[in-house]
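Engineer: Read off the chains here:
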Amino acid sequence: ETGVTQTPRHLVMGMTNKKSLKCEQHLGHNAMYWYKQSAKKPLELMFVYSLEERVENNSVPSRFSPECPNSSHLFLHLHTLQPEDSALYLCASSQDLAGEETQYFGPGTRLLVL
Amino acid sequence: AQSVTQLDSQVPVFEEAPVELRCNYSSSVSVYLFWYVQYPNQGLQLLLKYLSGSTLVESINGFEAEFNKSQTSFHLRKPSVHISDTAEYFCAVSETGNEKLTFGTGTRLTIIP
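Residue numbers (the numbering used here), protein chains in the order written: chain A, 1 to 114; chain B, 1 to 113.
Hints should not be assumed to be uniformly reliable.
Far from chain B, some chain A residues (derived; all Cβ distances over 10 Å) [as the list claims (entries may be wrong)]:
hint	residue
1	Lys41
2	Ser65
3	Glu67
4	His79
5	Glu84
6	Ala87
In silico SDA-like pairs for lysine to any residue, Cα to Cα no more than 20 Å straight-line [stated by the list, open to error]:
hint	chain 1	residue 1	chain 2	residue 2
7	A	Lys40	B	Lys78
8	A	Lys40	A	Asp85
9	A	Lys41	B	Gln10
10	B	Lys78	B	Glu66
11	A	Lys40	B	Arg108
12	A	Lys40	B	Tyr25
13	A	Lys41	B	Glu88
14	B	Lys69	B	Ala1
15	B	Lys100	A	Leu112
16	A	Lys41	B	Lys78
17	B	Lys100	A	Val12
18	B	Lys100	A	Glu101
19	B	Lys100	A	Thr102
Some chain B residues close to chain A (C-beta under 7 Å, calculated; not the full set) [said to hold, decoys possible]:
hint	residue
20	Tyr32
21	Leu51
22	Asn98
Bear in mind the hints are in silico, worked out from the structure with no lab data behind them. Everything numeric in this text was worked out from a predicted model, so none of it was measured. For glycine and all other residues, C-beta sits at the position ideal for the given N, C-alpha and C.
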């Protein structure tokens, strides 16, 4: 049990749909992250939040919109996605925003865009 | 900018044989180094990490990695693998003063009975 949960675990959506991914951490951490994991590619950092403020946005298309209402919850709102956005989306948290901190990952949401 | 190279995308190993998974990094400053493991249908979890001090770090399930600054490497080793070690292994690096964690492309370890 990692202490980080993600829902849904699987999602199929059309290119015109709007959906949201949810992440919740039960570890009392101050930093949360969204990553995209595609086959044969390194994990891509998408967004970083520290104490509910976004501190990094790695040139992610605007069809991905993050939301962090409090330090325990993180959302990724999706709209008008493309087939190449199909991937495993991982949420992670760490105690603080520091390079030596261990990141704790959720099980991911497997997204398929048709 | 930091980067990580895992040259082996797949490594098949017989059960109870030794294994080494290679990781090389590139950075112009001091680094922290990590190995994460991803079991099927799960997220990543920390296996071990090097922050400072002894260059040899160990995990609770028999893996070890050695930080070699001159060769900019952080290879992962285990003297005798088990079926339960089947997973994908990711090497990652962060630079001191930079919170960003950069991952390699991963190495899929397959254990042959």
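Engineer: For each hint, tell me whether it holds in the structure or not.
Structural biologist: Results of checking the hints against the structure:
1. With a cut of 10 Å on Cβ distances, Lys41(A) falls inside the contact zone with chain B, its closest approach being about 6 Å.
2. At the 10 Å boundary, the C-beta of Ser65(A) stays outside the reach of chain B, the nearest C-beta of that chain being 21 Å off.
3. The beta carbon of Glu67(A) is kept farther than 10 Å from every beta carbon of chain B, the shortest such distance being approximately 20 Å.
4. Residue-level check passed: His79(A) sits 25 Å from the nearest beta carbon of chain B, beyond 10 Å.
5. No Cβ of chain B approaches the Cβ of Glu84(A) within 10 Å, the least distance being about 18 Å, so the stated non-interface status holds.
6. Here Ala87(A) stays apart from chain B, with its beta-carbon at least about 14 Å from theirs, past the 10 Å limit.
7. A hinted pair counts as satisfied when its Cα atoms are at most 20 Å apart, and Lys40(A) with Lys78(B) does not qualify at roughly 24 Å.
8. With a C-alpha separation of about 15 Å, the suggested pairing of Lys40(A) with Asp85(A) holds against the 20 Å cut-off.
9. A hinted pair counts as satisfied when its Cα atoms are at most 20 Å apart, and Lys41(A) with Gln10(B) qualifies at roughly 14 Å.
10. For the hint linking Lys78(B) to Glu66(B), the alpha-carbon distance of about 12 Å falls within 20 Å, and the restraint holds.
11. Distance restraint check for Lys40(A) and Arg108(B): the Cα-Cα separation of roughly 11 Å lies within the 20 Å cut-off, and the hinted pair is therefore satisfied.
12. For the given pair, Lys40(A) sits about 18 Å from Tyr25(B) by alpha-carbon distance, which is consistent with the 20 Å threshold.
13. Under the criterion of a C-alpha separation no larger than 20 Å, the hint pairing Lys41(A) with Glu88(B) is consistent with the structure, at around 13 Å.
14. Using a Cα cut-off of 20 Å, the hinted pair Lys69(B) and Ala1(B) holds, with the two alpha carbons roughly 17 Å apart.
15. Pair hint Lys100(B) plus Leu112(A) does not hold up; C-alpha atoms about 27 Å apart against a cutoff of 20 Å.
16. Taking the CA atoms of Lys41(A) and Lys78(B), the gap is about 25 Å. The hint is violated against a cut of 20 Å.
17. About 30 Å separates the Cα atoms of Lys100(B) and Val12(A), which puts this hinted pair outside 20 Å; it is violated.
18. The hinted pair formed by Lys100(B) and Glu101(A) meets the criterion: a straight-line CA distance of about 10 Å does not exceed 20 Å.
19. Straight-line distance between C-alpha atoms of Lys100(B) and Thr102(A) comes to about 12 Å, which keeps the hinted pair within the 20 Å bound.
20. With a cut of 7 Å, the hint placing Tyr32(B) at the interface with chain A holds, because the nearest CB-to-CB distance is about 5 Å.
21. The closest approach between the C-beta of Leu51(B) and any C-beta of chain A is roughly 5 Å, which is under the 7 Å cut-off, so the hint is satisfied.
22. Here the hint on Asn98(B) is kept, as its CB sits about 6 Å from the closest CB of chain A, short of 7 Å.
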